[in-house]
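*Asks:* This is what each chain is made of:
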Amino acid sequence: MEILVCVKRVPDTSENEIEVNSEGSDIERDDLVYSINEWDNYAVEEAIQIVDKVGGSVTVMAIGDDESEEIIRREMAMGANNGILLSDDVFEKSDGRGLATVLKAAVDKGNYDLILTGAQSDTGAAQTGAMLAAMLDRPFASLVNLVEVKDDSTLKIGREIDGGNQEIHEIKLPCVLSIQTGINEPRYVGIRGIRKVASVEIPTMGASDLGIDPSSIGDAGAKTKSVDYFVPVLGEGAEMLEGDTDEIVEKLVEILKSKGGIK
Amino acid sequence: MQIFAYIINKDGKADDTAFELALAAKKLASDAQVTAIVAGSGIDNVCQEISAAYNEIWKIDNAALAYPDGEIMGRLLPKLLPENAVILLAHEYLAMDMAPGLAIRTNSAYIADVTDIEGMDGTTGKFVRQEFSGMVSTHNTCDLSGGAVITVRPGVFASEEKPAVGGSVVDKSGEIEIPATNRKYLETVEAEVGDVDISTSEVLVSVGRGIEEEDNIDMVKDLAEAMGVDYSCSRPIVDAKWMEKSRQVGTSGKTVKPKIYMALGISGAFQHLGGIKGSPFMIAINKNPKAPIFQVADIGVEGDILEIIPELTEKVQEMKG
Amino acid sequence: MEPVIIPPASYTILGIPLILLYIVIPIIGVALFTFIIAQRMQPLVKAAPDNRLDQLGLRLFNMIKYAVGQYKQPRYMLAGVLHIVIFAGFCILSLRSITLVIAGIKSGYTLPLFDTWIGTIYNILKDIAATAVLIAVVVAAIRRGVYKPERYKVPEKYGKDHTAEAIFVLGMIGGLMVADMFFEGSDLAAHMNKGLETHYILFPLTGTWFVTYFLTLCSESTLQFCHVFFYTVHEVIFFSFLNFLPLGKHFHVITSMFNVFFMKLNKGSVKPVKWGVSDEQLDDLESFGVKNFEDFTWKHILDFYSCADCGRCADQCPANHVGRPLAPRFITIKCRDFCFDKYPLKEESVDKGPLIGSILEEDEIWSCTTCGACEEECPLLIEYIDKIVDLRRGMVDEGMVPQSLQKPLNALGKRGNPYGKMEKKRGDWTTPLLKNEGYECKILSGKKADTAEVLFFADSITSYDDRIQEIGQSSFRILKACGIDFGILGPEEKDSGHEVRRFGEEMLFQDLKQKNTKAILNSGVKRIITADPHALNALKKDYDNLPPVEHVSEFLYRMIQEGKIQFNPLENQGDIYVYHDPCYLGRHNLIYDAPRTVLDAIPGLKRVEMERSRDRSFCCGGGGLMLFYEPIEETRMGKERVQMAAEAGATVIVTACPFCMVNIEDGIKTSGNEGKIRAIDLAELVDQQIIK
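Protein chains in written order, with this note's numbering: chain A, 17 to 279; chain B, 131 to 451; chain C, 97 to 788.
Source of the hints: derived by calculation from the structure; they are not laboratory data. Note that CB positions come from ideal geometry on N, CA and C, so glycine has one too. Check each hint, because a few of them may be wrong.
Which chain A residues face chain B? A few, computed with CB under 8 Å, are given here [what the hints assert, rightly or not]: (1) I34; (2) N37; (3) M147; (4) A149; (5) P155; (6) N200; (7) A214; (8) G227; (9) L257; (10) E263; (11) V265.
Derived DMTMM-like pairs (lysine to aspartate or glutamate); straight-line CA-CA distance at most 25 Å [as the list claims (entries may be wrong)]: (12) C:K503 to A:E33; (13) A:K275 to B:E248; (14) C:K510 to B:E342; (15) B:K420 to A:D42; (16) C:K202 to C:E293; (17) C:K765 to B:E248; (18) C:K520 to A:D124; (19) A:K109 to B:E437.
With the hints as constraints, model all of the structure from the sequences given.
*Replies:* As structure tokens, this is what we get:
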């Protein structure tokens, strides 16, 4: 099975302090540590496990600048067979639709049975996979936490819904799935693995290679625009208790008692 | 202007978000004509239930729609909606399945998981979203005249007020064909039932990432035991396998309606808060004074739960004698 | 002695001279033994290289001390004494055995010079030795068979109990002793019955003495029978025993001398990924670590052969004690059995696939804290830490790393510390000192680098952990009080990589080592001091070409010896203090006395010792990456250690390692001793009491 996984290089939220920059135009990006979007990493691991079982190859693709090569290489060190970088100045300032347009053009240049994305990334919009599927007119499922290959043309998948329940579907190939965290346990990629792939060629494609009309992407093609970044003015919020630990604990017990929290 | 709202319904009842979308629509355009779209099988009750909140209710009743299917709805709605329609949905697992694709198929703008709507400036709608795990907010805009699909975070427009609009139900069931899809729903596997059903708990002591290590989980259990109440947790604790899934509070876990909720070392990500209904009295303890949880909590403590919890347990035990 | 009864070499049965038997048995016995040894050498030849021929003088000394001198045996007194007796007996009786074998071919044979008084004295010694051995094996057999000490138990998952094999061998040894007593005794009795001179001194109360006097009651034909019969029995048991040795745990009888000679000389260090491959050449290696059996070095395989299955290692292993799926003894026994299965004596070697997932489990190998208690205890000097590290290297190479460790490893790669905190904040722990006390700390690296004579290497936990920063700050104040010109590396310091290396991520370790080495050498410092024993061990054993490194306790010891510091008496003299030896200060670096001297220099301090102290110290739970790992266990090491302190009557536990502090403080809470026992770091205590 030929599997394509779309990945993104994002600031690692657990190893950084995310703040808005002084102009309010973006987050402060100095001194940030970047890594592969956590959901995408689960997707790559899933792809590798599928190919281990049924054969085929895993291609990892990212839209970004040269620095995105780093995460493509990491996933190749993990076990992905091929990496492709989609890079062009005109891609910048694209909205979700624009990015999906770029991905679609790249997908059209290849021949993929299964396309995986992470369920969401740092923007939290959870849109790329679904949009790509609609553009390709392929069946789609989001929040996938189980994938089983039934035969050459069918997958059995599980979707994570509320209450910890799981929807089971059958979906026909070729299709697009967005993958939820916890679907598997991604293998470790050590420095050694990364050094082994340090000099592997990663082909790069730009707008003209993909045959994309610049007016459909970038700022020009964006239907949704981001105006600014801010930290919301804290509303009333909680009444903060003051004092040293002993005093706070005393107050908490009082409050709990009076509200009936102690049975 | 006309704004559509897609209504989630299950087992013959409308979801809470049904009313929230009506309010969201009014926030976007106070003079909007809001049309609800209710799809399913045997949904007359649902339509009645929400009729007060909407100017018009479009009913699509068909046996094939008994189980809400994102692939079907995502292909059905473009045929149903007028061109350049503006439609609101609740940002949950059904919308995540179909809404972005719907935007592509209707050639509309897509803005996901808005936490506030600021209104319109001409034909431009201005919305607020969060990024980077809720650490920062951003203003997003789009030209509504070209059509838009907007998903709204459940709970942000919750309100006691129920608009009394009183719209009529229009049966559109016959107007569209159920599209064929390449995805077939088979069944729903229920989550394993744990030893405690936290969805019925009156008081919950809940722990999040701030507990740092599995070894420290015991102190939370001790506190809950001392207080004589149940304990629960947020998703990262379950992912790390430090507690059973049945104790997870959140959109992908259990929905709880306690009277009192203690959030210990929980940042307040919306996926967690989304599992808490009914506005309980909330006490939050967290090291980070900027944690979003302090926005929703009633009482807050900026402190180290690893220090406070054992002392609290001791005090409670003392008090009980 | 003129023969009274016919010696075996001259005896015939039905006209067939038995001498033929006594020629054939040794030939077959030795030939078979040679064949078996050759087969056992096969895996050693295929194994990875190992440099063990350095410092020959020291090796010889160790061989005498540990192998001949049985230096570690008395650590378990009863078993130790029994073993020393049996071993000493074997050594003495070896000459007798040679004599006996040759006597079957040439009657009356004695070794050169043994036909004089030397022989007479030797015979007395041999009789005493044989008696002692016989008593020892009987006691040992009763101990194994009836009392069944705990450490010999074999948990179900590891297979059948080993008691039968143990008692069988004890029986064989006993048999050899008894057979010789009857062989010798029958001849002596025959002489005595005829009133002839034996020219033999029968030492009273030896076995031979008893048997001889018993045999004087028998007829000459009975004595003749006994003489030949027991000789043959001895011959058969001897050569059977010889060939039985390489088949199981008694292989140690043959390999122990070698195993001790080739022992590891630099404690606390970790073997390179492959001997003969320099750090720069590491990138070219196809595979890292031990995945298949032959990835072990020949010395490691010799270790498997040399295990006497005594269980002392597992008995001391803290991971085993708290119920983790790790017992060092069984790693060795399983690998040994795997080797025997893979290289059977009678057939071609069999392919058995990788070790992890077949005989070894992932969690088993991740459970080890590298405390070194097992290596400290093993009488055969079998090594474990290098094997665990090699197995981990293999797992890391294959991506088999527990999720709980992946996050800190990734953070170490990106930020140089396992917490994922920002590099530029690494030196911030000194800021409160500036704010509150006006101490400014020199930063010895980076653009505006200062210079100083001494580097205080903080390492990650002291730099970033709220609680442990206090230890750093105390250390700072002490150095200042002693007038030392020092600084820290600050933002350019990276994690020492001590656990990174021991958890198998060698290339990440090399990366951290390179960066730290560069920063340290560029700073131009003459000495390094640290309060972190893991950092101490890393800088001393894993890094090269650095200025001398010492631990804060060693520094304080010198200051006290030189009379440069004085202490105020303790305010509260009702506390009972106990010192917990950190693994990486004590066992791995032999620093036991310096911290104790420092404590004893504080007026009014009352100190006790825990039962398990010094080289028998019980690991607190481990440091570095071990703090992130989520083991399967029944209780926690820190909790157990606090309970040991409570049993010793202590109210204050003094630690000298940041990780011990974390684990002990946690253990105080989980053992319910909050308010009854508290923990303090040596540096904090000194900072409190030192006269500034």
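*Asks:* Would you mind marking each hint as holding or not holding in the structure?
*Replies:* Verification of the supplied hints:
Restraint check, I34 (chain A) versus chain B: the minimum CB separation of about 4 Å is within 8 Å; hint holds. Nearest Cβ of chain B to the Cβ of N37 (chain A): about 10 Å, over the 8 Å cut. The hint is violated. The beta carbon of M147 (chain A) comes within 5 Å of a beta carbon in chain B, closer than 8 Å, and the hint placing it at the interface holds. Hint status for A149 (chain A) relative to chain B: holds, with the closest Cβ pair at about 6 Å, below 8 Å.
For the restraint placing P155 (chain A) at the interface with chain B, the shortest Cβ-Cβ distance is roughly 4 Å, inside the 8 Å limit, so the hint holds. A distance limit of 8 Å between C-beta atoms decides the matter here; for N200 (chain A) the minimum to chain B is near 12 Å, and the interface restraint is violated. Given the 8 Å rule on beta carbons, the hint for A214 (chain A) is violated: about 30 Å separates it from the nearest Cβ of chain B. For the restraint placing G227 (chain A) at the interface with chain B, the shortest Cβ-Cβ distance is roughly 19 Å, beyond the 8 Å limit, so the hint is violated.
Because the beta carbon of L257 (chain A) sits about 5 Å from the nearest beta carbon in chain B, less than 8 Å, this interface hint is met. Because the closest C-beta pair between E263 (chain A) and chain B is about 11 Å apart, greater than 8 Å, the hint is violated. Taking 8 Å as the C-beta contact cut-off toward chain B, the hint placing V265 (chain A) at the interface holds, the least distance being around 5 Å. Between K503 (chain C) and E33 (chain A) the CA atoms are separated by roughly 17 Å; this keeps the pair inside 25 Å, and the hint holds.
A C-alpha spacing of about 36 Å is found between K275 (chain A) and E248 (chain B), which places the hinted pair above 25 Å, so the restraint is violated. Distance check on the hinted pair: K510 (chain C) and E342 (chain B) sit about 21 Å apart at the alpha-carbon level, within 25 Å; holds. With a C-alpha separation of about 19 Å, the suggested pair K420 (chain B) and D42 (chain A) falls inside the 25 Å cut-off, and the hint holds. For the hint linking K202 (chain C) to E293 (chain C), the alpha-carbon distance of about 22 Å falls within 25 Å, and the restraint holds.
A threshold of 25 Å between alpha carbons decides the hint, and for K765 (chain C) with E248 (chain B) the separation of about 51 Å lies outside it, so the pair is violated. Annotation: proposed proximity of K520 (chain C) to D124 (chain A) is violated, straight-line Cα distance about 45 Å (limit 25 Å). With a C-alpha separation of about 46 Å, the suggested pairing of K109 (chain A) with E437 (chain B) is violated against the 25 Å cut-off.
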